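Protein chains in written order, with the numbering used here: chain A, 410 to 744; chain B, 410 to 744.
Since the hints were derived computationally from the structure, they do not count as laboratory data.
Because the structure is a prediction, the values reported are computed rather than measured.
Do not take every clue at face value.
Which copy is meant is left open, because identical chains are indistinguishable; a pair holds if it fits in one copy or across any two.
As the list claims (entries may be wrong) - List time: in silico EDC-like cross-link candidates among lysine to aspartate or glutamate, alpha-carbon distance up to 20 Å:
(1) 630 <-> 683
(2) 656 <-> 729
(3) 436 <-> 454
(4) 556 <-> 683
(5) 630 <-> 542
(6) 665 <-> 704
(7) 665 <-> 729
(8) 597 <-> 649
(9) 665 <-> 733
One-letter residues, chain by chain:
Number of protein chains: 2
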Amino acid sequence: MAKWYDDSGFQSDIVLSTRVRLARNIKDIPFPRKMTDEAASAVVDMVEQSLSTMNMGFSRTDILSVSPLEREQLVEKRFISPNLARQKKPSAVFISGDESVSIMVNEEDHIRMQAIFAGFECQKAYEVISNVDSYMAKNLNYAVHQKYGYLTSCLTNVGTGIRISFMMHLPAICKAQVADSLFSAMGKLGVTVRGMYGEGSKASGYLFQISNQMTLGVNEKEITDRLNDVVNQLIAKERELRSALHKREGLSLEDKIMRSAGILKTSRLLSTKEMLTLFSNVRFGISLGLIDDIEPRVLNALMVETSPAHLAYGRDNPAERDAERARMVRTRIGG
Amino acid sequence: MAKWYDDSGFQSDIVLSTRVRLARNIKDIPFPRKMTDEAASAVVDMVEQSLSTMNMGFSRTDILSVSPLEREQLVEKRFISPNLARQKKPSAVFISGDESVSIMVNEEDHIRMQAIFAGFECQKAYEVISNVDSYMAKNLNYAVHQKYGYLTSCLTNVGTGIRISFMMHLPAICKAQVADSLFSAMGKLGVTVRGMYGEGSKASGYLFQISNQMTLGVNEKEITDRLNDVVNQLIAKERELRSALHKREGLSLEDKIMRSAGILKTSRLLSTKEMLTLFSNVRFGISLGLIDDIEPRVLNALMVETSPAHLAYGRDNPAERDAERARMVRTRIGG
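Taking the hints into account, I'd like the entire structure generated from these sequences.
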């Protein structure tokens, strides 16, 4: 199976990736913020033990034993959170062989496991992570309250402990200036929208993270169904507005799209912000059938590969970084 | 031999073309402004007669018998002047088979003959047009004054009747902001500088016409030598400033150059002004050895082929014209 960041998947011109995350804690051990180093080490070992007979090729990485650069790379691949990268207590991440599942140990909760796939793959991600969760539950004694459900360090996760999030590409919704009203209506349905790079409807590259707000008082199926509904409506709206935009702007939109591809193939200096804008135009062009020589999969991979900690050169110099980013983009998408 | 507008030639990254023009009149016939239609017709026939035994494949085009569009196309290829295109009296242009020589009859003077070549080809252009002039002189009785030389309708052409002009591409001189002082110094040496598209150092595409001011009191050899000197100095200065600019701006200059090539290969809408700017960057890139898949010859041809009267479509609609221009550029330079 392809890695999430080097794949495309269903509805991939609008939904770049789907992630389902579960929060779990082990009974009778204090939450990470309060635990001793010894207890923390013990939890890491317990998790390792629980996975040892599972046939998914998990590999263990101890956060304190890897360099700050490696930690940063794990964050850029979304295997760990920035919080875990800064953790001072014994902590770890277990990553499955195909990189679809990662399990953080001793972040805010003892266990935060996620499955992540390219495209709109809510069902698949949910099944994969549920399977891992059930397997671990056989060996670990989860902290569960009969009335409230899974107990978690932060109240927002109590209950199902589930968070589903989609990285969505919504240029037409933003350009039609309906983003703010749509997003606020979604908030009332318990759905949160965050800019992936910068806040609000001005987010660079028109990329947004859409996720559920509540984990308590509704079951996992209800949460999943509701979010699926909202995302399907967003996809339909985005498609409708893309058609309308293309119809209205015609050649001037095509001009902007095709030039974006041309610039990606030839630039010698490329900032992250400009790259994301050009990628957005190219994704739009692919979905309109104007561009067929650039794969969405490659754009997804480049977003990770050209992140600061992944760049081979120029980590300390913005100009060199922009040069290296431009070189990598040219190499991958052909110039 | 290649046509001047579809060729490159010596020093072609700086000197796009060289033109040598001679003005002649026939003795005892009034200048065009004062002549009768009968006399005008007679002069056209006399010129045709004088060329009939010359082995250059001249073809005659009578201005009054071609459409305004065809006249405009002749102007865009620089075979005739805008003045001749508007002439109401019998008048004509004779164009040699290889299109290097054109002879206007009954423009401001009875005869204005020019040789035009791509690149820095002063000597060649002078020899070719002198040869045509000598041949015609055998059959025509030129108006010559013993003291002043060839008589012409406008005093600025009296004497040798020669005008040498170069189309030059001077981006580095302009960007170093030395253009105005250089051009005014050249004026004192009897050399005129005009923007090809717009005036002064802000001329679109950094294209200038450099020509001699005086035709009287100096002989043809002196005029040619002096202009050759000035152009050689301009070429040297432009090369020196291009190196300095490249050294100073490095990757950010290369970025601008390479993106320009990328945009030309992908745009769907392209105005003349933007095309000239992008062509200028690409020519600069070719001369720095950064671009090797675009031929200067093709850029020269496109400047003529994408002129309004040469475009196949959209002559009456600026947006369609920009679309057609973009299409032609993509087709010729590959996208």
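- Check each numbered hint against the structure and report the violated ones by number, ascending. Hints 1, 4 and 8 contradicted; others consistent.
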